[in-house]
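S.K.: Now for the letters of each chain:
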Amino acid sequence: MNEATIVGLLVSVIEFGTLLYLAALGETIAERSGVLNLGVEGMMALGGVTAFWVGVETGNPWLALVVAMAVTALFACIHGVVSVVFGADQVVSGLALTILGLGLAAFFGRNLVSARPNARFGPLDLGFLSDLRGVGDVIFSQSAMTWLALLAGIVSWFVISRTRIGLSLRAVGESAPTADAAGTGVVRTRLTAVAIGGALAGASGTYLTLALAPGWSEGTTAGRGWIAVALVIFGAWKPGRVGLGALLFGGLLALEPRLQTFGVEISPILLSMLPYGLTIAVLIVISIRSRNRPSLAPAGIGIPFRREER
Amino acid sequence: MRLARRATPLRGGQPRAFAVGFIVALLLGAVLLIASGFNPLEVYAKMFDTSLGSLAAISKTLTRAVPLGLAGLAVAVAGSMGLWNIGAEGQIIAGAIGAAWMARLGPDLPGPVLIPLMLLAGILGGALLAFGPGVARSRLGVNEIITTLMLNEVALRAVRYLLNGPWKDPDGNNFPMAPRLPDQSELPTLFERANVGLVIAVAVVALFGIFASRSAWGYELRVAGSSAKAAEYVGISLRRKILTVLVLSGGIAGLAGGLELAGSAERLNENIAGPGFGFAGIIVAALALMRPSGVAAVAVAFGAVQVGGIGIRTTGVPGSIANVLQALILLGALTAAVLSSYEVVRGGRAAPAADASAPVDGAAAV
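Chains as they are written, first to last, in this note's numbering: chain A, 1 to 310; chain B, 1 to 366.
Hints were generated in silico from the structure; no laboratory data involved. Incorrect hints may have been included.
What follows is a list of derived Cβ distance ranges for each label pair [what the hints assert, rightly or not]: (1) A/Val-264 with B/Asn-174: 18 to 24 Å; (2) B/Asp-183 with A/Gly-277: 33 to 39 Å; (3) B/Val-31 with A/Arg-188: 26 to 32 Å.
Note that the Cβ used here is the ideal one computed from N, Cα and C, for glycine as well.
Work out the full structure: start from the sequences and follow the hints.
M.R.: Structure, rendered in structure tokens:
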């Protein structure tokens with residue numbers, strides 16, 4: 001194992017971490033408002049295809065990012081309207097979003113499979129920082145989107161835990177009737193949170209097709225959306241902890257293709273089960289520990305709110 | 001004039017909502033097709049023709065409806081108690097693994113012995129995968145939505161592991177695939193493409209339907225589903241029921257996996273759960289309002305959409321339109337169902353509506 005392999009691994013850890021963090025952060029925001037959105041996998045795929053298409057057509061990665069985020073934000077609003085406004089079951093509506101998103105992505109992406117966009121989020125040159133040995137490659141040669149993901153995480157943490165808007169968001173997520181009585185618009189807050197969640201899943205999809213892969217084919221998302229859903233629980237609905245979880249799970253994804261290089265005799269396929277297994281383990285630990293303590297999950301998750309029924 | 005919730009739901013509301021959802025899906029699908037340069041009338045005609053236009057087509061649709069209906073029933077069994085089994089997908093795979101294992105153990109057994117053993121192993125495989133979430137939910141209150149969801153991905157990787165390693169066909173030119181199943185393990189044909197799996201599935205759905213509506217057990221299930229407090233008050237053990245129901249649910253999905261392997265597949269493969277039979281099962285159960293009779297009807301409709309989706313590929317239309325249509329049917333029907341629970345009232349305040357949608361058991365920690 002030489003230096004280049006280790007640097008390569010760490011670069012990949014941060015790349016996968018970026019991918020997972022963007023989507024998981026969006027899901028965190030939605031769930032903090034009390035809306036479980038199981039549509040992440042579909043939103044990611046649709047965002048990825050949209051970004052890839054705009055990238056192929058215009059060659060402008062930033063335009064691709066903006067368009068993809070707008071499309072997935074609107075797309076997420078389907079779930080928002082059906083589950084928040086109409087009060088349908090969040091599980092069913094979210095899964096429908098995944099199936100719809102994967103279907104639409106496959107439909108619109110069918111002619112893009114062999115396309116090569118000249119739009120890409122490549123490594124960002126940060127001058128002398130990028131030239132540093134090791135650190136320069138691992139941290140200071142990442143694409144702009146990694147920095148954006150970090151920024152989005154910090155902003156989310158600050159807004160959720162330190163501002164009035166964040167207080168409203170949490171109040172709606174903990175107890176919609178109480179928040180409503182206090183004058184907070186429950187439907188408006190939840191819709192906004194779901195739309196932001198969609199936009200971030202779209203950004204994650206963009207990163208997938210214009211930086212990480214880069215390219216599009218059916219199945220490119222490969223269950224990473226579900227990992228993002230898992231990460232939210234793993235990170236206890238806190239942007240910071242979700243970020244650490246993203247690095248850990250990103251590490252597992254990065255290790256997968258490299259196991260053999262490191263001379264480990266375990267099948268990489270077995271390793272790829274770990275993120276899901278770890279999440280189940282964490283859920284069990286949380287519920288054992290929280291027997292005498294309040295649960296970490298937003299109390300209002302999954303519960304539709306109808307004002308007339310108060 | 002204003003909108004108010006109806007005091008009592010419309011009669012026959014759900015079939016109507018399904019019809020509305022279906023029409024909405026076809027219309028939106030048509031927009032999509034036109035935008036992509038296809039003629040929607042031609043496409044839909046072709047879909048109808050290939051899925052319902054002949055006896056052979058109908059047999060294909062019914063064969064598809066088997067895994068869809070069983071997955072739907074699996075979800076509905078759990079759903080009638082207010083539990084979500086999102087893991088039917090993984091349980092189907094686990095069932096197929098179990099059945100394939102049995103075929104490996106007894107490759108020389110005669111068909112009438114081997115096939116029942118395979119199906120039994122399939123049921124056990126699915127039940128086993130649901131057992132963990134069942135215990136976690138009933139003993140520790142761990143949310144079954146996430147655990148069953150995560151196990152889908154684990155099961156998918158388990159079959160991938162088997163195909164790449166221990167179960168790899170030595171004569172497969174190093175391709176990651178399992179050896180061919182023994183010939184006598186194939187389910188006997190009923191007519192055209194339909195096999196006896198159809199009879200088994202219909203029997204299971206009907207049996208559960210009768211059992212759920214006539215037996216004390218089924219009654220307790222519904223009581224527990226509508227109010228956890230009421231159930232405990234009358235002495236129904238929720239813990240045991242939760243575990244039983246989830247294991248039963250997993251077993252039904254596992255049976256679907258066993259039937260798929262013995263009925264439609266040549267060998268165990270990664271796509272044994274089709275284009276997401278487990279996830280489609282959730283839509284089926286939701287559209288059927290968790291009722292077995294509804295599950296059967298919706299499963300046949302979805303079977304037709306999926307078979308039609310394959311049928312149109314020859315005309316160059318991507319088959320993924322079938323998935324799009326399925327999701328749109330559900331979203332359309334969900335919307336229609338909600339809208340139909342409202343009525344236009346003139347002036348004044350309406351009588352307070354009955355609380356029909358209170359969360360069943362919000363106590364589980366996510």
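S.K.: So, against the hints stated earlier in the document, which numbers end up violated here?
M.R.: none
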